[in-house]
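The whole structure should be built from the sequences, with the hints applied where relevant.
Here's the letter readout for the chains.
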Amino acid sequence: MTFYDKFLIISLVIISVIFIISPLANILVEGNNLDDQVIIIQAGDGSRQKIPLADTYREEPVIIKVAGPIGVSIIEAHNGRVRLKEAPPEDPEKICEKTGWIDRVGPMIICVPNQISIWIEAKESELDGVSW
Amino acid sequence: MEFPGNFRKYIFLLVIVIIFGLFIFYRLPARKEIYAETRFFMDTTVTVKVVGEQKMAERAIEQAFKTMQEWAGRLDRFNSGSTVWRINHSGGEGTRVDQELLILLKKGKDYAALSKGAFDPTVAPLVDLWGFGQDEQRVPRVGEIERVLSRIDYEKLSLDFVNHQVFLPAFMEIDLGGMAKGFIIDKGIETLLALGVESAYINAGGNIRVLGNKAPGHPWRIGIRKPREPGKIFQRYILALNRGSLATSGDYERYFTFNGVRYSHLLDPRTGYPAREMQSATIYAENALEADILSTAVFVSGWDEGKRLIESLEGVEGFLVRENEVWMSKGLEKYLY
Numbered sequence: 003m004t005f006y007d008k009f010l011i012i013s014l015v016i017i018s019v020i021f022i023i024s025p026l027a028n029i030l031v032e033g034n035n036l037d038d039q040v041i042i043i044q045a046g047d048g049s050r051q052k053i054p055l056a057d058t059y060r061e062e063p064v065i066i067k068v069a070g071p072i073g074v075s076i077i078e079a080h081n082g083r084v085r086l087k088e089a090p091p092e093d094p095e096k097i098c099e100k101t102g103w104i105d106r107v108g109p110m111i112i113c114v115p116n117q118i119s120i121w122i123e124a125k126e127s128e129l130d131g132v133s134w
Numbered sequence: 006m007e008f009p010g011n012f013r014k015y016i017f018l019l020v021i022v023i024i025f026g027l028f029i030f031y032r033l034p035a036r037k038e039i040y041a042e043t044r045f046f047m048d049t050t051v052t053v054k055v056v057g058e059q060k061m062a063e064r065a066i067e068q069a070f071k072t073m074q075e076w077a078g079r080l081d082r083f084n085s086g087s088t089v090w091r092i093n094h095s096g097g098e099g100t101r102v103d104q105e106l107l108i109l110l111k112k113g114k115d116y117a118a119l120s121k122g123a124f125d126p127t128v129a130p131l132v133d134l135w136g137f138g139q140d141e142q143r144v145p146r147v148g149e150i151e152r153v154l155s156r157i158d159y160e161k162l163s164l165d166f167v168n169h170q171v172f173l174p175a176f177m178e179i180d181l182g183g184m185a186k187g188f189i190i191d192k193g194i195e196t197l198l199a200l201g202v203e204s205a206y207i208n209a210g211g212n213i214r215v216l217g218n219k220a221p222g223h224p225w226r227i228g229i230r231k232p233r234e235p236g237k238i239f240q241r242y243i244l245a246l247n248r249g250s251l252a253t254s255g256d257y258e259r260y261f262t263f264n265g266v267r268y269s270h271l272l273d274p275r276t277g278y279p280a281r282e283m284q285s286a287t288i289y290a291e292n293a294l295e296a297d298i299l300s301t302a303v304f305v306s307g308w309d310e311g312k313r314l315i316e317s318l319e320g321v322e323g324f325l326v327r328e329n330e331v332w333m334s335k336g337l338e339k340y341l342y
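One line per chain: the protein sequences are A and B, in this order.
Each residue of the first sequence is one higher than the one before, counting from 3 in the numbering used here.
Each residue of the second sequence is one higher than the one before, counting from 6 in the numbering used here.
It is worth saying that the hints were derived from the structure and are not from the lab.
Some hints could be false.
[As the list claims (entries may be wrong)] Simulated restraints, written as ranges between beta carbons of each label pair: (1) Y59/A <-> E160/B: 51 to 61 Å; (2) R143/B <-> G82/A: 32 to 42 Å; (3) G82/A <-> R241/B: 15 to 25 Å; (4) E310/B <-> K87/A: 35 to 45 Å; (5) F83/B <-> K96/A: 31 to 41 Å.
As the structure is a prediction and not an experimental result, all values here were calculated from the model.
Glycine included, C-beta positions come from ideal geometry on N, C-alpha and C.
Shown next, in the form of C-alpha cells:
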C-alpha cells in the first residue's frame, strides 16, 4: 500500500464521518420534532415565557399566570396544546378565551385588553404563518 | 489491490478538492438564517422575520419596528395628538398633514368608491355606537343607527394636495382601522428593502406580507384560519408565497353575542349593521394596504358582490368562506402549496 492509497482511505473515512455522523449527531443533540416545539407566552412589555411542548405531556396541566394592564390571565398547557383558560373579569369580550386550544405552529391566541400573545414555535414547521 | 497510476492521481486530486471545499464551507463567515421578533402594538401581535446574517437582520428588524410603531402612533385615532386625532378634532377646519397621509386617505376614498361604500374610512361614529374598541358593546336602537349613518360619507372627506390639508366636517370622524395595518406593514417592508433585505415576512394580526423566498426555492407557507374552528386551518388551501400580501377579515375577530345572535365588528357603513353573509374573506394582493382594505370591502359587500369585486381587480385573488361553503378565485390556485 502506497502513501497515496493510505491518504485516500483516511480521507474517505473522514469525509464519510462528516457527511453521515454529523447529521445523525444533530438529531441526537437537538431531539425530535416534538422537542423542538415551544409554547411562547409574551406579555405587552415584550417579556416572554417559554415552555417546551414536550413538558406539557403529563397528568396535571401546566398553569401559568401572566399579569397585564387589566389583571391576571390564566393560561393552561396540557398534552401538547395551550389555551387562555381565564381572562380577567375586566376583559369585556374575552375573545382570547373563546379562541380555545391551539396545538400547532401558525395560529395565535391574542388577548388585546391584557396585551398577552400565545403561540407555538418550532425549528421546522409546515407553516410560517396564518392569515386570520 | 492497487489503483492504476493516473486514476490514483485523479482520485487524490478529487479528495484534495473536496477537503478544500469542506474547509471553505465551514469557514463561511456569515450563514443566512431566519431572525424573528414579535411585539405587541396596534392592539395585536406584530412579527417581523428577516432572512440574513445576524447583525444585518437584527438591525433591519429594529428599524422596521421603529418605522411601523411611529406610523401606528400617527394613525391611531384614540391617541390624542396623533395626526388622525387632529383631523377628527379639527371642528371642520383644515388639518395640515404630510403627503404620505394624503395619499393613504386618497386610497381609502378610492376603495370606498370602488366598493360602493362597503368600505368607508369615515365609519368611526358607527363603530363607536356599537361599542367596538370600548369596554361595552350593545345593539343600538334603529333611530340611533339612522342618526349616525348621516355622519358617514367618504365623499365629504376633502383632500387638498396643493396645501397639504385635510378637511372633515365637524360632525364626522375617520377610523383607519380597516387600512392602517396594511399600510404599516408596507412601511415595514419598504424599510427592509431600503436596508438591502431580500427575504422577509411581516405579520400584523394575521395580515401578512412576504418578500422573496424564505430560502432558495422555498417560499413562505401561509395557512388560512377556519372561522368556526379556532386554532385550525384549511389544510387543502395552504399558500406558498414569495411576494405579495394576504389579509383576512372574519366575523370571529371582534364580536359579541346578544340573544343568541353574533354581532361582529365588520359593520356595513350603508346599513349600520354587521355584515352577515360571510364568515371570513381572505384577499391576496401585491401590497398589504390593498389586501387589508379589500378584505373588509369584500366581506361587507357580501358573497356575490364580493366575488365580483375580486374578479374585477387585476392581481387580486380571494378565498371566501360562508357556512358549509368556500370559494376560491381561479388565480389563487397557482399559489397553492
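For each hint, the structure was consulted:
1. Y59/A <-> E160/B: 51 to 61 Å: holds, 59 Å
2. R143/B <-> G82/A: 32 to 42 Å: holds, 39 Å
3. G82/A <-> R241/B: 15 to 25 Å: Check passed, 23 Å falls within 15 to 25 Å.
4. E310/B <-> K87/A: 35 to 45 Å: holds, 41 Å
5. F83/B <-> K96/A: 31 to 41 Å: violated, 21 Å
Of the numbered hints listed earlier, the single one contradicted by the structure is hint 5.
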